[in-house]
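All chains should be modelled from the sequences, with the hints used to inform the complete structure.
4 protein chains.
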Amino acid sequence: MRQDESTGILDRTIINLRRAWREFMSSGREIKPFDPDPDLPDADKKRLVKLLHECFEGKGGDVSSHTRAAVLGQAYLKLNKTGRRRYLEVLARDFALDRETIREARRKLDELENSPELASDLRELLTPPRLKLLTQFNDLPQGVKFLVDLRSDLRSFMIADPVLKGLDDDLRGLLESWFDIGFLELKRLTWNDPASLLEKLIEYEAVHEISSWSDLRNRLDSDRHCYAFFHPSMPGEPLIFVEVALVNGMSGSIQDLLDEDAPAIHPEDADTAVFYSITNTQRGLQGIRFGTFLIKRVVDHLARDLPNLKTFATLSPVPGFVNFIKTLTEGKEHELLSAKERSELEKVTGSNSLKEIITMPDWRQKITDADPVREILLRACASYLVEEKNGRKALDLVADFHLNNGARLEYIHWLGDVSEKGMRQSAGIMVNYLYKLGDIEKNHEMYCDTGKIVTSAAVNSLLKTIN
Amino acid sequence: MRQDESTGILDRTIINLRRAWREFMSSGREIKPFDPDPDLPDADKKRLVKLLHECFEGKGGDVSSHTRAAVLGQAYLKLNKTGRRRYLEVLARDFALDRETIREARRKLDELENSPELASDLRELLTPPRLKLLTQFNDLPQGVKFLVDLRSDLRSFMIADPVLKGLDDDLRGLLESWFDIGFLELKRLTWNDPASLLEKLIEYEAVHEISSWSDLRNRLDSDRHCYAFFHPSMPGEPLIFVEVALVNGMSGSIQDLLDEDAPAIHPEDADTAVFYSITNTQRGLQGIRFGTFLIKRVVDHLARDLPNLKTFATLSPVPGFVNFIKTLTEGKEHELLSAKERSELEKVTGSNSLKEIITMPDWRQKITDADPVREILLRACASYLVEEKNGRKALDLVADFHLNNGARLEYIHWLGDVSEKGMRQSAGIMVNYLYKLGDIEKNHEMYCDTGKIVTSAAVNSLLKTIN
Amino acid sequence: MRQDESTGILDRTIINLRRAWREFMSSGREIKPFDPDPDLPDADKKRLVKLLHECFEGKGGDVSSHTRAAVLGQAYLKLNKTGRRRYLEVLARDFALDRETIREARRKLDELENSPELASDLRELLTPPRLKLLTQFNDLPQGVKFLVDLRSDLRSFMIADPVLKGLDDDLRGLLESWFDIGFLELKRLTWNDPASLLEKLIEYEAVHEISSWSDLRNRLDSDRHCYAFFHPSMPGEPLIFVEVALVNGMSGSIQDLLDEDAPAIHPEDADTAVFYSITNTQRGLQGIRFGTFLIKRVVDHLARDLPNLKTFATLSPVPGFVNFIKTLTEGKEHELLSAKERSELEKVTGSNSLKEIITMPDWRQKITDADPVREILLRACASYLVEEKNGRKALDLVADFHLNNGARLEYIHWLGDVSEKGMRQSAGIMVNYLYKLGDIEKNHEMYCDTGKIVTSAAVNSLLKTIN
Amino acid sequence: MRQDESTGILDRTIINLRRAWREFMSSGREIKPFDPDPDLPDADKKRLVKLLHECFEGKGGDVSSHTRAAVLGQAYLKLNKTGRRRYLEVLARDFALDRETIREARRKLDELENSPELASDLRELLTPPRLKLLTQFNDLPQGVKFLVDLRSDLRSFMIADPVLKGLDDDLRGLLESWFDIGFLELKRLTWNDPASLLEKLIEYEAVHEISSWSDLRNRLDSDRHCYAFFHPSMPGEPLIFVEVALVNGMSGSIQDLLDEDAPAIHPEDADTAVFYSITNTQRGLQGIRFGTFLIKRVVDHLARDLPNLKTFATLSPVPGFVNFIKTLTEGKEHELLSAKERSELEKVTGSNSLKEIITMPDWRQKITDADPVREILLRACASYLVEEKNGRKALDLVADFHLNNGARLEYIHWLGDVSEKGMRQSAGIMVNYLYKLGDIEKNHEMYCDTGKIVTSAAVNSLLKTIN
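Residue numbers (my numbering), protein chains in the order written: chain V, 1245 to 1711; chain G, 1245 to 1711; chain R, 1245 to 1711; chain P, 1245 to 1711.
It is worth saying that the hints were derived from the structure and are not from the lab. It is possible that some hints are incorrect.
Which chain R residues stay away from chain G? Per the calculated CB distances, all over 12 Å, these [claimed, not checked]:
hint, residue
1, R1330
2, L1377
3, N1382
4, A1404
5, S1497
6, Q1499
7, R1548
8, T1573
9, E1574
10, R1608
11, R1618
12, E1631
13, L1659
14, E1664
15, K1665
Okay, derived cross-link-like pairs now, DSSO-like style, lysine-lysine, Cα gap no bigger than 30 Å in a straight line [what the hints assert, rightly or not]:
hint, chain 1, residue 1, chain 2, residue 2
16, R, K1376, P, K1540
17, R, K1303, P, K1540
18, V, K1540, V, K1665
19, G, K1294, V, K1696
20, V, K1637, G, K1376
21, P, K1633, P, K1576
22, G, K1680, G, K1431
23, V, K1376, G, K1376
24, V, K1540, V, K1389
25, V, K1708, V, K1591
26, V, K1696, V, K1570
27, G, K1431, V, K1389
28, V, K1696, G, K1303
29, P, K1540, R, K1276
30, R, K1276, P, K1554
31, V, K1680, G, K1276
32, V, K1322, G, K1540
Predicted, not measured: the structure shown is a model, and the values here were computed from it. We treat Cβ as the ideally placed atom computed from N, Cα and C, and that holds for glycine.
As structure tokens, then:
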């Protein structure tokens, strides 16, 4: 299954859709196929505009609309990166709200204060044609997946092309309604699931790469669970998945967790569930939150099935930590490190500045060997996680995710991830966030309202040593 | 399964939901259950408002919201008709858009002309709190069915209570998005389907009542097909279903079609598919159109599976016909009937006015026996179907439905339905609407744009005899 | 679905098989179809013998055999009662073991003492051709069901035609191997099962007739369970099923249990499971025991699922009781009744003999009203159940079944079944047999080894009053 | 999933069975577990005999028997190779037919001539206790798989231990009845099947090893089909599977067929189905033939689904060819090769004897380069396939399998399999056997009755050049 470089959509999917949609088109008797040049040159663009107008006006009734949507979708799939950007720009510009509509909306708005029942009509009025056009794709086979992938394209173009932002907002709103948490189904994935589904875990896993089918089987073994959310219109496509290890005691090292040769324990004997990887799979669903729900549902599910489990925690990276160190000012370094510590650092590494050390080519070697560095970096990490903020939110994105979910910062582990990526981003540090059943709501509320982060005694003592 | 008279919701469903939701509530540690009096007296109403506010503000994070939605839904199910009306009024009035928001919307609207990408934000702003509250019920088990049933309640109260109209519009918009045709699944129902599903056909069938399980089995036999649309969140609940008879030649009598003792023909030998009953099952989905799609998909499905089928037609009642006759003016009667005909009528029935005849206690007897009446009524019916309009649309609702779908008016049958209901509404007349594959789009477009109704030669000759 | 009177096989099944097998036949190029007269006159019988010989010799390889089996099976289905009997006689007589084979078997048997590994060869040798012929039908679609139904025919002919007994033994042996308990699947049947499956419960229920679909739904409700064994080759065909009521306290009246208007209790609140009906559905599987396993598996299943259940008992008829009374000798009557009792009987009924009373046209009326009769009959019933034997086995077949399974005789209920059948066979009496988990094996062993029947104190006290 | 070297049974299966069966045992109240030493020393063996006797006598009824079977099965799984052999010997020797029974059989046999209906009783009498004991395992979870694996053990011990032969015959007979073709289900396997099932293809494939999951996916792609037979009691365990390539024209090279980078053709465009691998997976089912049926069913299935397919053929090795050459006598060489050919051979390879050439360390190099060798070897191969016999059967086992199925010998390909194994066994030669729909039965019959092999013109011309 080769990846189409230009677009991020899988070849095989495209081929299937093209075939399926071609059939629709051929059954629509009076609509000519549309076979644009991959770049969507101006002549083809003109024809596109015409087709979109006809589609929007709904000539010929529902069946013709259906056929026209298939023609339009088919054409999109044939385009390359340039062509797709041009296609989306047509949609965004030519099918936005027009002045007339906006004037009418103003009249309606004036009446609204006395007739609040008009709100629905007004929203309808303010729905641009492009949104209705996008909705029509839903009725095609795999239409939802098409729209999710189209938004994935859109988001990559959006950066350079702000006019597409409004279209993205429209599409996000549509997908938010369709992907409402109430429609998602939580499933446990096991080695008995279809190979065609499981290979997607290998493909998508973003946190700790799955190296082989044997690695995958190990992650689905009796003491390793994997859960995912699915949408009924995208069966066989996990939207987000979480990997859980059932162990005794909170784990501190990802490499230990993933060791294929480690003896399996019986799930019913485990006292701790460690969530060691959460992966969003669909770029086209960015901004629609599933993660919170996933963790809580899995916790509920596990607590019910395996009553022996007492502790639910994550084993998470600190992806912004190394970057944070690299941007430390001298003043900040002086805050974090005492004079004595700086001189110890210098003795071991040749420099008294964390920032300098972390940019040395061989810093990893030095860090892993030297004891004072270990203490200093753990302390710096605690400080980074607890005190570095973006408004009320923790600066570190992973920390913010779990704290906002109501977790507490429990442990900070040295050499918890010695992979290349783990060292490069987190200086090898891994963190446990603890989901304590009775405290989740309280923690969440405190974090949201005041930004206060709940920490364990262990983390507190790290923080204390700073001051 | 007893029906709750006051509300139209099934007892059993309510009992199941109450149980399921009670479990949620008990897992939400800090939210007290809410056990209102069935009438929702003022004290309980006050508590309801408070709970709704907390739910809207989302205190305690997603899980608390979830629990609160269960508490609120549970409370709703406990109420009687009065209580539910009061509950819905609270939602409609206290959680509509407020003035402040409307003022802000005005500011936003002013910017919109230059920044069309703001449309999405503005729609979001114009979404009243009540709509967000309703959305939260979706995450409960069977939440979609709950909302559909809630709208069913709402529509029965709405008539006497116009303030609920806005709430209904909001809810319709939400359900329209969720029940987009792309999410519906077409399934053929057979005698191998669960009894718990099939009993719903018996319960819902609105056009030609199913009298027993043996009658039902007969309608699912090899030469009788039944198709329905399902939504993934309401498995086991057909949203709309159509019954089809596979026969040779277009049928004119519903009693013949439903005769359990008639010999079955092999489906592969049939040349005609007769759609003899279409039933919408969910009052809460009124205004959301599935019927058009259903017929066309079933036609496609049958055409592919049984290539011998050449003709696709309905056998439909004329539900407004008797009423139409009863409201004829004298002038209109003179238009429809020649002097000679009126005197013939008088000879047979004792009256020269159709209007008078149809209000006689024994008119049915007279009609079925008397030949001139037969001719006159068929002609009057053709005239009613083709010439009586509501704007561009046919006055008869069934006629409008099929004509708008692109069908043509093919035959008008005398004594096509001799049941009590058939006589009372349609004077026993049944009609074939023909779905001719190549003409559907053209017919639809003509009917929509000009109101012109395509008729067969047979119908035309009936019409001609009028003038 | 009309029953074919002559054969007991369902029309619809036959029609389906005929169609399916015809297809096979047409694909076998060189084998002519065989379309015998329904009576299988001699000419057709001759052709049958020829075909059977070819089939047995396996000319043309497996595929031809397959086709020939379809031709032979098809022909069988076309025959009437007479024809089928003649067909089976051909099989039984012309394809039994021949003398030559028996002589060879004698030689083999002589070697067997020294070479016990020859047993398998010898069994093979002693397998008559007819058994190999029957086995070939298994490879046809629904072949197993065909053989089961064929044996059902066979058993009805066998009575008058002892030469068929050997064929029946062969077939029973084959089916015993194929229907080994290890291949059967226990399933709970609910209202969510296919209507086509549930209608078979209505059709087959032998103990307490199911009067309507609403009665059936009541028997599948949350406090009524139904379990059945299925064979993978006969999906949709329950082999045996048992109906269980979840109640509080042991029930004594079948009419109370089946009352559709009785309020349902929550299954988790019940303390007692009452098995009130066990039905073998396939006459063709007579002599192959499933009942024992079914009850025990259902007990296990219920005990695991509903830990509140403390008591597992049946509510069973005493089908031989009235017959037993009718055949009482005078001496026996004197054993059962004291002089005082006989005079009391006479006062109330006009006769001092149970035997006479039970043959009076209005005995039912007299029994239900008169108190002394009640006591006397209950006592007589206890005596009948415990003391009347057929060898070591209880004379009453239902009693023997449960006692042999390890149950104990617990209660004898007056007017436990007031239906016509209940009065006619059991004089209205119903019995609880108790399955006490820890005692089942012990009771079974005692009953098997010594014929001793374990009884409750209540039954004991009835027995005591006799002596 | 580690393989247990000593026994060939998979660790994981054993672990699961042990757990499942332990539960049974614990529910059987009065039966002590049996935990023998892995070698089954004499003390344990004695206890085994005692348990087997109790089990055979059926003390305590069916439930106790069930528990005892679990205890006995559990014990077997704990044993090592030595222990298992001793266990099976106990079964074979101590539970064979005894003299008394044989004497009784002799009496029965005498009556048989007059009472052929006794055959069934006699077979029953001649069924040794060991067979009844084995049957009891069937009622355990996965009991069928247990017996199949037990027979796999048995067959490996049998070679050195002929007393086990009788037990193997008994077990084969039992499995033959249970695995009757009528109980097997043909399924197409695709990439959408469970990973736990697909990994078994990798594990079992015996003909052309599957090198990776990506190789596997390639073999399940749209133009590569895979079909297998399954038994309802062993879901997830293919019994035999065949791999088919859909191509244009008959393929001659297995390496070309398996090339992952070859472009896929659309299955509906293919004109030829090439069966390139057939694998029996269960050693415990040796001697029970599925292959014939599998090929014919797959041919039927493909012919129906893909009407474009005109040719059904295999691409098969000639596994006995190199061995045949190695055992050529001088006389035979002279028959096969003319003097001129022998001198040509000598020129190219330094030897004039095929036998000598094929034992040279570098013969493969010489063969692939030298043209005269090619001609000579192809001819020798044709001669080997057509003329070398074992009775009426072709000496080459693969040839015998397909010829007996009714195929004809179509093409002989040079360098059709250049893998190490292909060169070592078949000198790189591959063969097409053609399954021509109209001729299969005729070919089969001719081959069976006369041993005559049907060959194509191409093969005939190779044969002609010999003489």
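Legend entry - Restraint check for K1294/G with K1696/V, where alpha carbons must lie at most 30 Å apart: Cα-Cα ~27 Å, so holds.
Inset, instruction - Quickly compare the C-alpha distance for K1276/R and K1554/P to 30 Å and report which way the hint goes. - result: At roughly 26 Å apart (the allowed maximum being 30 Å), K1554/P and K1276/R satisfy the hint.
Inset, instruction - Would you mind confirming whether the straight-line C-alpha gap from K1708/V to K1591/V stays at or under 30 Å? - result: Distance of about 25 Å is within 30 Å: holds.
Inset, instruction - Hey, is K1665/R genuinely clear of chain G, shortest beta carbon separation above 12 Å? - result: 24 Å, holds
Legend entry - Hint consistency between K1696/V and K1570/V [alpha-carbon to alpha-carbon, up to 30 Å]: 26 Å, holds
Legend entry - Verdict on R1608/R as a residue remote from chain G, using beta-carbon distances over 12 Å: 33 Å, holds
Legend entry - Holds or violated: K1540/V to K1665/V, with C-alpha atoms at most 30 Å apart: 28 Å, holds
Legend entry - Assertion that E1631/R lies outside the chain G interface [Cβ separation over 12 Å]: 46 Å, holds
Legend entry - K1376/R paired with K1540/P [C-alpha distance capped at 30 Å]: Roughly 22 Å separates the two Cα atoms, so the pair holds.
Legend entry - Verdict on L1659/R as a residue remote from chain G, using beta-carbon distances over 12 Å: 31 Å, holds
Inset, instruction - Confirm or reject the statement that R1548/R sits farther than 12 Å, beta carbon to beta carbon, from all of chain G. - result: 21 Å, holds
Legend entry - Satisfaction of hint between K1576/P and K1633/P, Cα-Cα up to 30 Å: 15 Å, holds
Consistency with the previously given hints is maintained throughout, with no hint failing.
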